[in-house]
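Protein chains: 4
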Amino acid sequence: MRLTADARGVYPIAPTPFFDDGRVDTASIDRLVDFYLGIGSTGITVLGQLGEAPKLTHAESVDVACRMIRRASALPVVVGVSAPGFAPMRELALEVMDAGAAGVMIAPPNALRTDDQIVGYYRQAVEALGADVPFVIQDYPLTFTVQMTPAVIRRIVDELPSCVMLKHEDWPGLEKISALRQWERDGRMRHIAILCGNNGLFLDYEMERGADGANTGYAFPDMLCDVVRLSTGGAREAAHDLFDAHLPLLRYEQQPGVGLAVRKYVLMRRGLLSAAAQRQPAVALSNAARAEVDHLLQRLARHDPRAQI
Amino acid sequence: MRLTADARGVYPIAPTPFFDDGRVDTASIDRLVDFYLGIGSTGITVLGQLGEAPKLTHAESVDVACRMIRRASALPVVVGVSAPGFAPMRELALEVMDAGAAGVMIAPPNALRTDDQIVGYYRQAVEALGADVPFVIQDYPLTFTVQMTPAVIRRIVDELPSCVMLKHEDWPGLEKISALRQWERDGRMRHIAILCGNNGLFLDYEMERGADGANTGYAFPDMLCDVVRLSTGGAREAAHDLFDAHLPLLRYEQQPGVGLAVRKYVLMRRGLLSAAAQRQPAVALSNAARAEVDHLLQRLARHDPRAQI
Amino acid sequence: MRLTADARGVYPIAPTPFFDDGRVDTASIDRLVDFYLGIGSTGITVLGQLGEAPKLTHAESVDVACRMIRRASALPVVVGVSAPGFAPMRELALEVMDAGAAGVMIAPPNALRTDDQIVGYYRQAVEALGADVPFVIQDYPLTFTVQMTPAVIRRIVDELPSCVMLKHEDWPGLEKISALRQWERDGRMRHIAILCGNNGLFLDYEMERGADGANTGYAFPDMLCDVVRLSTGGAREAAHDLFDAHLPLLRYEQQPGVGLAVRKYVLMRRGLLSAAAQRQPAVALSNAARAEVDHLLQRLARHDPRAQI
Amino acid sequence: MRLTADARGVYPIAPTPFFDDGRVDTASIDRLVDFYLGIGSTGITVLGQLGEAPKLTHAESVDVACRMIRRASALPVVVGVSAPGFAPMRELALEVMDAGAAGVMIAPPNALRTDDQIVGYYRQAVEALGADVPFVIQDYPLTFTVQMTPAVIRRIVDELPSCVMLKHEDWPGLEKISALRQWERDGRMRHIAILCGNNGLFLDYEMERGADGANTGYAFPDMLCDVVRLSTGGAREAAHDLFDAHLPLLRYEQQPGVGLAVRKYVLMRRGLLSAAAQRQPAVALSNAARAEVDHLLQRLARHDPRAQI
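Chains as they are written, first to last, in my numbering: chain E, 1 to 309; chain L, 310 to 618; chain H, 619 to 927; chain G, 928 to 1236.
If you're looking for bench data, these hints aren't it; they were derived computationally from the structure.
Covered, in the sense of this in silico footprint (three residues per stretch, anywhere, with C-beta under 8 angstroms from a C-beta of chain E), are these stretches of chain H:
# : region
1 : 720–734
2 : 767–775
Just a few of them, taken from the derived set where beta-carbon distance is under 8 angstroms, the chain L residues facing chain G:
# : residue
3 : Arg422
4 : Thr423
5 : Asp424
6 : Asp425
7 : Gln456
8 : Thr458
Here a beta-carbon is modelled for each residue, glycine too, at the ideal position from N, C-alpha and C.
Extracted from the complex, chain E is given alone in its bound form (with noise of 0.2 angstroms):
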């Protein structure tokens, strides 16, 4: 099953699991899989940023997405497969699409600038790929420094079919989300999915702006299930409502650097992972930041009973 322009709903970005001493911890994985089955996710995303894929091995990167696939049976799983050369993206990309993956996800090499950097940047990407392996592009400037405008999303739409998502993680990035809704509306673009990344931290109004849903790691995916079905369903306040409750958590999650140590953490307290070990370089949880997320988990608790943990 091929990734489409049709996506919608939630793909949590999945953390890679390790175990205290760095090993790849497996059974988390699998338990990881089956939580987001269970909340009712649409896809799941693999070996992005936040999934700590640059420090895994070829061999390790391609084992940790094979089993996620495995595991995830009917649902399908986007890899991220970005690099800084295309011969070890290509690579990846191949083994992973054997596999049975969905898809791949490319974010852009840091050095990009001018527009036309980036659009020959993704040309040549599909070139190395194949236009037959359906791609996710990442945009995400706060963490690659590359600047999309609209404008150049739509000249990569244009120009290569096989590109058939938005991870869109720009910031602010509101008026991204209406003007690429408008410019199809009006014909001047064909549709491509848009999942919303950031933690999440727009959520809210990306969705109304024309969003099709989440593409984040934040650690209560389910609520990202409850509130993209709420708003898609018409349920405006209700959808803030649950979203504002978890706004302190989710924002002190979106920190960059200490947010993945928040993030396994609560993942862990969740039971979800064995332990919120990540490999070096990782930025460590301190006694009072844990004594922070555990306060900010007390406080949610009492609008949303998943966080009473």
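Given chain E, work out where chains L, H and G should sit, using these hints.
Only chains L, H and G this time, still in chain E's reference frame:
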């Protein structure tokens, strides 16, 4: 009255009010200052980055600062004097200090990279201004791309007695506050005031980590004053409750670029600014964005009557 | 006399002369201008990046520019007016144009990334200055971190008739000149002057690619004049011979940061500046570096008697 | 044979030869190594930035490095192992060390800013590789945007005994060499080898400042060997004469991006590479650029017969 390391409370970052035709709106300056006085601010900062300082001529900068200083009367006014060179920095600093400013705020130029470059820059700034002008370090890597470790801040504080305050807006930044305060407790660093910026996005926990207050421009500085008061007074959950109620809007205003348009729009709706106008270059608020802010205000008003505007 | 797209030859970038105590050295300004006139310069640019423009107060900037303009008499003087905001840019531009400047030079602020941001910035600058002020685009990515493709330059030229010159200092940059000139030949872009900066590091081949001359501050502008004359006159190998003789020193002076100290030291040794002083922040010349420059001059003097100083 | 702090002479940066269809050209690898042996190189570095390392799969990287190592026989081979994460870095390092590599070279990832981050990164790298793998710091801010002060390099050298060499390519960088060598003379820092990169643009004076040789890929490594030999042997002016004769071409090859195309073209013209091909992404040489390189070679041949090709 000079700024000292004992500063605390809330120093709102004052926007520079403009009419739609680009002229400075002095009546709104007066109204803002009166408002800041009325809500219990302990100081005011003018001509910050979000005070559109670079868009003013030198003469306009002096006029705006002096009008604030006179109107603020007993309240200390800190003036942003960041400039691409020391001669214009010195010129502005000396004029506003003569006019009664309490101190100046200095941001690092974005070419600085190494620890030595950063310390060297502040050393040269003090040589230019004179050692009797109290100054505030503005530590805002998201905007200035300059990363200061706690150790660099300590070096500046150790070497330069006129450094009395840190406008802390690193992100993530909680551990930085803890590190500086720990050194203080250990007698390894003299006390300086730490007031927090970055729109207050982490003010709730920053206070608990040892910050002395807020130094930011969120459109509800009265909320900032309340949160600082509640937190200082030990009413922890009440502080969080009030903060959390504002977080959806606060997060929306904290967006880079468009954030200032949000802030000025809300201040206009609150009757404090005659117009929401900015000078060029400026990001305008779309109709959709304006409607979202209205929606956020409406939702906020359920918790904080000050948002019923 | 206004700057037009027909500008050609050599516009030296004039340094701002200071005494060791930091005061502006007006006698050296006069001496420099007289020297530029004597060697066949076709114009002068003042208050560029290496004219230490950001280190001057507004009043000093006006004084330096006006003194140059008056002394240069019939020679067109371009004034750098780059500023962090349009109000100070406009103020300086209008004052110097009133005083007889031929045009202004505008560098892009280093936050610009996308093609649209760059074009938008120059559009707003022209709105601020008025469409009757001829301006030069400064395209220097190494210093400003802004990358302009040929297509972006063409968009600016197409949209803004007051754009008459490109100070070309992209690196590598030869293909950019060829692309712009090809569009001109194809009738797809109107002619603008292209004068080359970056200390002239590629002036030899830039002339052959279609540049109209040099616009840089190398301490032997008389060599630049000769190379431009020889190259324009078809004496290709003679142009390269002279250029190559200077290349060891020129490369040394082109170093970022310390380059200006080298330049001012050589200009002092040539009797054009009373002192090699810069205002802070400045990188000083070590004894070793000074000896290296002396050595380079000595070696150069074997080929060019002007280096016997 | 392990790399030690006594390394000196010339370690050419070997390009990775490709056929026009993108396959690795092993015959050219052998030819290059034989050539490096013949001209008096004292070592070889493979899989550097300009060895197109990121464009190879892991298996290809191992193959290229091992072929070099075997062919080089007694000559020490340093292998670039820079990677976005420590697991792939460790994997490659251990494989090539097993195969007889002399040591590895590690570039800092471009997100590093503060002194502590840089030192911390090298500490973690050594934890990943083991303290018995000799390593080279690659200090190339122009490409990596990471600025290391001399003090940071000293901290790394002090803390990590397996650090034995600096590939010095800061720009400007002469004072850095002097500072490190002064500390060495003062007994404040142990000796490490300093070999210079950046295409050798300042090799003439770098040798005089205390560098031990060159570690760069200029297409005439035989010239580098001669200059190092002449300079070390006290034939100062002869060293400069030879260096200056090459400077016009060397400067041309040192251009970012297009420089590798120039280098491979010259190496092909010299009969060392079968093809000038690069893998994507690559900047191609235009006809005009190729003609310029031919012209530069022709002019160089008047001084150095090795350029008669």
